[in-house]
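**Q** Kindly generate the complete structure, drawing on both the sequences and the hints.
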Amino acid sequence: MTQGERQRLMAVLAKAEAASLQEKWQALAIDPLCSVLRGPETGLIGVKGHIGGGGDAFNFGEATITRITVRLRDSGHIGHAVHLGRDTQKVKLAAILDALAQDATYKERIFDAVITPLEKEQRIKDKKHQAQVAATKVDFFTLARGDE
Amino acid sequence: MYVAVKGGERAIANAHKLLAERRRGKRSVAALGLEQIVEQLSLAVDRVMNEGSLYDRHLAALAIKQARGDLIEAIFLLRAYRTTLPKLGYSTPVKTENMLIERRISATYKDLPGGQILGPTFDYTHRLLDPALAGEEAVFSLEEGPISPNNFVRVSDILAQEGLIEEDGRLNGAKPNDITKEPLDFPMGRDTRLQALARGDEGFLLALGYSTQRGYARTHPFAGEIRIGEVEVEYFIPELGYVVIIGRIQITECQMVNQFSGSAKVPPQFTRGYGLVFGQSERKAMSVALCDRALRANELGEDIVAPAQDEEFVIAHSDNVQATGFVEHLKLPHYVDFQSELDLVRTMRRDFEKAKDAVRSTACGLHEKQEKQKTGEVSSER
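Residue numbers (the numbering used here), protein chains in the order written: chain L, 96 to 243; chain F, 30 to 411.
What the hints contain is simulated information worked out from the structure, not anything from laboratory work.
We treat Cβ as the ideally placed atom computed from N, Cα and C, and that holds for glycine.
Keep in mind that the hints are not guaranteed to be accurate.
Once the Cα atoms are required to be at most 27 angstroms apart in a straight line, the calculated DSSO-like pairs of lysine-lysine come out as [to be verified]:
{"no.": "1", "chain 1": "L", "residue 1": "Lys220", "chain 2": "F", "residue 2": "Lys124"}
{"no.": "2", "chain 1": "L", "residue 1": "Lys223", "chain 2": "L", "residue 2": "Lys119"}
{"no.": "3", "chain 1": "F", "residue 1": "Lys116", "chain 2": "L", "residue 2": "Lys187"}
{"no.": "4", "chain 1": "L", "residue 1": "Lys202", "chain 2": "L", "residue 2": "Lys119"}
{"no.": "5", "chain 1": "F", "residue 1": "Lys124", "chain 2": "L", "residue 2": "Lys215"}
Covered, in the sense of this in silico footprint (three residues per stretch, anywhere, with C-beta under 8 angstroms from a C-beta of chain L), are these stretches of chain F [as the list claims (entries may be wrong)]:
{"no.": "6", "region": "77-86"}
{"no.": "7", "region": "129-142"}
**A** Spelled out as structure tokens, the structure:
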């Protein structure tokens, strides 16, 4: 798995709805033995912004995150997951998928059956959101003054 | 003398049971679920997340439920909870230019790239109570519009092209401060101030922002741009050596464009106030931006004449958890303190009465003397 692929996988899993991820995981029908190396641990991260939108960084608040690191018993691959929120089940599942996807035998299946469909769901949701919001765009028109 | 007093345990335990009962209300009414609060009281949730300084919708909803809807109490609960969690680092700065827009308006440009997107706003509603909301709402389908390619150019960038506005804030190489780790120290950098303002009480900051409009430190603000929407949060994973996206949060950003500064060397240009807060919190973001600008008085060489420009006054009183703690601590037993005050006032009263008696007797003496003098005068006249 390249760095780009792994970033994509992690981003998609982090943004996925827990129920949808669970559903796709069930359909995958893989149940690897794994051990938890670290966590699951819930904590805080400082969320940063840019002063003025594009200037230097500043802290403007905190958010909960949950992280976990797992190792697959058979292959020894290590998987990480860090998500906003406190859903330890979802984070664990994501870490297992991250570890599995490093294995050439599973990688394609995971991307085809989990990552790509989740990405598509997200895209459809975002498009719907954008279209609904776009309907609230103001169309200005100028009234003729009638004096000409 | 310090007197330890015990007792009240039973009363306290029963008071808390009574609180739980009153919070639940009539059992014939269904209990409120957290999902209902998250979905249907989302702006209350946003306020609690902001002033509790913790982005977690479900925790904020739980706090609101537990606090019986008292938002400052809910904010207190959230702040207390966050102290139990370890700090696991920082996100990379969120990129508001890549926001998935929910609302975006500008009061300075009518036709700007991306357009004026009203989104779910209270603006232009008639503020008439809607009896229909008392029951189940009918489901209606939303109209959908053509999606413009994501070109929501920032208004500050439009002005910056002509050099008519100061650039984004710089810290001159300083590391951004974190008020959750370092105690507040005055004077403070703009980064620290923006963090403190983001968790500041909305009502307090609103009033201060309003005061600047009414002439207490006029800054001539325009709402250059307000945008609400979701941004991706990125986090560096040391084991991997690169950043990954760990989810999305909703935020509100306000760019105020204010009147000019300039000098012999720098040509006149617009100045700016900035507000960045969690959730859909437009009024809060605007108030933060107004206060941010007013508090830059020193930096911009303006006279400090009004409360909104006084950094220590604004920041030290903006945190409603601190404020409520100090105000509400007055309810705690002060029996011994008060006993000494009581003794003191009694002593002062005694002294006062004594002094009054003395005055009265002197006054009487004087009176007598005058009487005598009068009679004397009279007699002498005779």
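**Q** None of the hints should be skipped; say for each whether it holds.
**A** Do the hints match the structure? See the list:
| no. | hint | result |
| --- | --- | --- |
| 1 | Lys220/L to Lys124/F | holds (21 angstroms) |
| 2 | Lys223/L to Lys119/L | holds (22 angstroms) |
| 3 | Lys116/F to Lys187/L | holds (20 angstroms) |
| 4 | Lys202/L to Lys119/L | holds (15 angstroms) |
| 5 | Lys124/F to Lys215/L | holds (23 angstroms) |
| 6 | 77-86 | holds (count 6) |
| 7 | 129-142 | holds (count 6) |
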